[in-house]
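Visitor: Residue numbers (mature numbering (1 follows the signal peptide of the UniProt record, and there is no 0)): -44 to -1, 1 to 122.
If you're looking for bench data, these hints aren't it; they were derived computationally from the structure.
Among these hints, one or two may not hold up.
[To be verified] Keeping only pairs whose Cα atoms sit at most 25 angstroms apart, straight-line, the calculated DMTMM-like set for lysine to aspartate or glutamate is: (1) 4 / 17; (2) 101 / 65; (3) 22 / 9; (4) 101 / 64; (5) 75 / 112; (6) 75 / 105; (7) 101 / 112; (8) 22 / 59; (9) 75 / 64; (10) 75 / 65; (11) 101 / 78; (12) 101 / 115; (13) 22 / 7; (14) 75 / 95; (15) 75 / 117; (16) 75 / 17; (17) 101 / 73.
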Amino acid sequence: MKGRGRPRPPFFLYTCCMIRFPSRLASCAVLLGFGMLCAPSAWATLWKCTDGDGRITYTNDRASTKGMRCEALRDLPYLDATPAPSAPAAASPSNFPRVSPGEQRQRDDLRRRILEEEKAAENQRLQETQRALQTASPERAAELKAQAERQRRNLEAIERELQRLR
């Protein structure tokens, strides 16, 4: 039968829908009807029942709670899934201290100078570590490699800070 007629649907659909319900419309109607039958259970009345020992049971089947004191729960609270809008950013007060552009430039220059000094010192330490690594014993070499890698990361971090200033 290959190559002729319509392609066959997957086995489950074929057995459930095509044999018992030859028409697609009929199978869709059956599925829709089944879905509508299941929907009312979502709107069933919920009961809060307390037994003789004080244990609380929540159920939608009142018949299964014989001998318990039950009360119907009507309007259950729910959480709103939409987040509350965030408040706008507060404006700085008029008496908030302001820095003049000249003073800010001086602060930036001082920060840049400090970072460049730190970079030079870290670079010097890295070179010393690399020289020590060349003559180190195998036991000490692993420690010096870790130290050199840490110094390289420090240099990269200082360089990133300098890039932010420019």
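Visitor: Against which earlier hints does the structure fall short, listed by number upward?
Guide: 2, 4, 8, 14, 16
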